[in-house]
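One-letter residues, chain by chain:
Number of protein chains: 2
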Amino acid sequence: MSTEPKDCSRRKFLKGGILAAGAMAMGAGIFAPIGNNVAQAAETAPSNESTCNIPETPWPYAALNVERAKILGYDGYYKDRCSYGVFHAVISLLKEQVGYPYTTVSTRVLQWGATGGAGWGVLCGALAGASTAINYVVGPKRSDVEKVVNELFGWYTEHEFPQYVPPQEKAKVKGDLPRSVSGSVLCHASVGVWCDVSKYRAESAERSERCARVTADVAAKTVELLNSWHQKTFVPAYKGNESVELCMSCHGEGRSLENARGKMDCVQCHTDVDPKDLLKHIKDNWDLVK
Amino acid sequence: MSTEPKDCSRRKFLKGGILAAGAMAMGAGIFAPIGNNVAQAAETAPSNESTCNIPETPWPYAALNVERAKILGYDGYYKDRCSYGVFHAVISLLKEQVGYPYTTVSTRVLQWGATGGAGWGVLCGALAGASTAINYVVGPKRSDVEKVVNELFGWYTEHEFPQYVPPQEKAKVKGDLPRSVSGSVLCHASVGVWCDVSKYRAESAERSERCARVTADVAAKTVELLNSWHQKTFVPAYKGNESVELCMSCHGEGRSLENARGKMDCVQCHTDVDPKDLLKHIKDNWDLVK
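Going line by line, the protein sequences match chains W and X. Quick note on numbering: my numbering labels position 128 of the first sequence as 128, and the sequence is numbered without any gaps. Quick note on numbering: my numbering labels position 24 of the second sequence as 24, and the sequence is numbered without any gaps.
Careful: at least some of the hints might be erroneous.
Distance ranges between label pairs, derived from CB positions [what the hints assert, rightly or not]:
1) X:Arg201 to W:Glu158: 29 to 37 angstroms
2) X:Asp274 to W:Lys283: 40 to 48 angstroms
3) W:Lys174 to X:Arg179: 50 to 58 angstroms
4) X:Ser143 to W:Ala205: 13 to 21 angstroms
5) X:Pro178 to W:Glu253: 19 to 27 angstroms
6) X:Lys174 to W:Gln163: 51 to 59 angstroms
7) W:Gly254 to X:Glu224: 18 to 26 angstroms
8) W:Glu224 to X:Ser143: 30 to 38 angstroms
9) W:Cys250 to X:Val235: 43 to 51 angstroms
10) W:Tyr78 to X:Pro178: 40 to 48 angstroms
11) W:Asp196 to X:Asp274: 44 to 52 angstroms
Rather than coming from a laboratory, the hints here were simulated on the basis of the structure. Computed from a predicted structure; not experimentally measured. For each residue, glycine too, the CB sits at the ideal point set by N, CA and C.
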């Protein structure tokens with residue numbers, strides 16, 4: 001007996017694949033499959049691909065083990081870097097503890113976040129992986145997802161990374177590493193501050209080990225936050241950044257210059273602004289607002 | 001006849017759910033489910049949840065329609081913002097054109113990226129959504145994913161946003177909008193530059209409409225890149241940022257000060273550095289490197 005739902009059967013899959021390959025052959029290129037990817041997949045598609053009625057997120061949750069999250073995060077980093085590392089750690093624990101529907105998630109789809117997104121040094125990849133994992137189990141309101149992600153980001157800016165020390169036999173670099181607080185969620189700043197504090201080079205094995213341990217720390221914090229969210233004991237500890245509060249008193253919502261959005265420490269980039277001498281900042285920029 | 005695979009059956013799901021609820025009652029709290037989420041889901045779980053043998057990514061691809069990506073991206077923005085908007089647009093087209101396994105993807109899991117990640121203004125959410133979608137169809141090597149994402153990020157920094165103009169009857173704000181090039185993948189910079197150029201406020205309906213059109217532009221570019229990648233006609237056009245090349249000649253891999261990673265325009269934040277007077281920069285920072 002088939003439990004195949006109407007709308008996403010093998011037939012539909014083939015419609016996008018082999019049948020469309022015929023269409024391509026007839027010149028109707030725009031909707032045709034490309035390369036041999038589709039045909040290959042059609043051959044190897046599992047017999048039970050009828051999976052359309054996957055429930056909408058948020059999915060069920062069961063409390064996860066913080067210590068295991070660290071180990072999985074650390075190992076995941078060395079498999080496919082920070083973003084994959086945290087995502088794989090949290091989803092793997094959910095696969096173990098809950099099973100379906102997490103068993104349908106391919107964790108490889110967070111590869112892109114490494115080195116702050118394809119090497120760009122933007123959002124620390126561990127946070128991209130963590131945020132996506134959080135989004136599977138918190139919601140459906142975006143405002144709820146943002147409460148947990150905001151707390152994680154805020155914690156990250158104030159956390160002394162890395163805390164995790166892997167077991168001696170597992171560690172790629174043995175022993176403790178120097179620690180630093182980056183004040184930022186940017187990979188570029190997080191790595192740069194640590195390099196300056198530790199004196200290790202940005203492409204060294206020690207910096208890589210540091211990021212593996214950051215991955216472990218972020219995976220553990222993510223699990224802690226999710227456990228507390230689902231236990232209804234979640235209390236945000238992050239109070240926001242002082243410079244953001246100050247700058248947004250002119251540049252924020254409903255204020256006279258309302259031209260900025262965000263919560264990153266303003267003066268870490270806007271180094272020409274001294275929050276203790278805003279009069280100078282206003283004078284310096286007078287021509288821009290006149 | 002059941003096609004249920006061994007490892008992720010309803011039994012396994014229940015193991016993490018109802019059975020564990022018993023364990024909690026016995027005081028073994030750490031692996032117990034929390035709240036009524038699990039029990040509820042067990043009741044409503046579909047009868048065909050046996051979906052473990054979802055193939056590993058990358059998944060099959062069929063050429064997608066760029067114009068439809070724009071419309072879906074625009075609509076998605078108004079449903080759940082930029083990050084969800086691009087992700088939902090691309091995955092929805094893949095659901096239509098390929099079907100399974102894309103039919104197993106919950107697009108809501110990209111809610112977190114809105115306003116550069118939970119309101120933080122970091123990576124433009126449209127790029128987070130796009131990158132995750134790209135990761136489903138490019139790979140399995142991370143270096144391949146990064147080639148496409150790098151091209152998208154580079155294009156974003158140089159693109160005059162927004163180009164898309166929705167049909168009159170659909171537009172929340174009618175007509176053309178002012179355009180700007182942000183030189184950055186940061187939501188904070190992308191929005192800030194546009195506000196300064198357009199003179200619209202950061203929380204205005206016009207700025208929101210601008211971001212809906214950015215979502216459309218990014219969804220379209222993502223589809224263009226994916227089509228070319230799978231047609232094997234992908235040729236990267238982005239040449240990198242000039243200041244990055246200059247600064248990395250000292251701070252980059254294998255160089256004397258190797259303490260930086262990333263590809264974002266350096267001098268957009270490091271405003272105290274004049275790339276045309278590096279001698280001053282070196283003198284100013286001499287004490288730090290001595």
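For each hint, the structure was consulted:
| no. | hint | in the structure |
| --- | --- | --- |
| 1 | X:Arg201 to W:Glu158: 29 to 37 angstroms | 31 angstroms, holds |
| 2 | X:Asp274 to W:Lys283: 40 to 48 angstroms | 22 angstroms, violated |
| 3 | W:Lys174 to X:Arg179: 50 to 58 angstroms | 54 angstroms, holds |
| 4 | X:Ser143 to W:Ala205: 13 to 21 angstroms | 20 angstroms, holds |
| 5 | X:Pro178 to W:Glu253: 19 to 27 angstroms | 21 angstroms, holds |
| 6 | X:Lys174 to W:Gln163: 51 to 59 angstroms | 53 angstroms, holds |
| 7 | W:Gly254 to X:Glu224: 18 to 26 angstroms | 39 angstroms, violated |
| 8 | W:Glu224 to X:Ser143: 30 to 38 angstroms | 33 angstroms, holds |
| 9 | W:Cys250 to X:Val235: 43 to 51 angstroms | 45 angstroms, holds |
| 10 | W:Tyr78 to X:Pro178: 40 to 48 angstroms | 47 angstroms, holds |
| 11 | W:Asp196 to X:Asp274: 44 to 52 angstroms | 21 angstroms, violated |
Hints 2, 7 and 11 from the earlier list are contradicted by this structure; the remaining hints agree with it.
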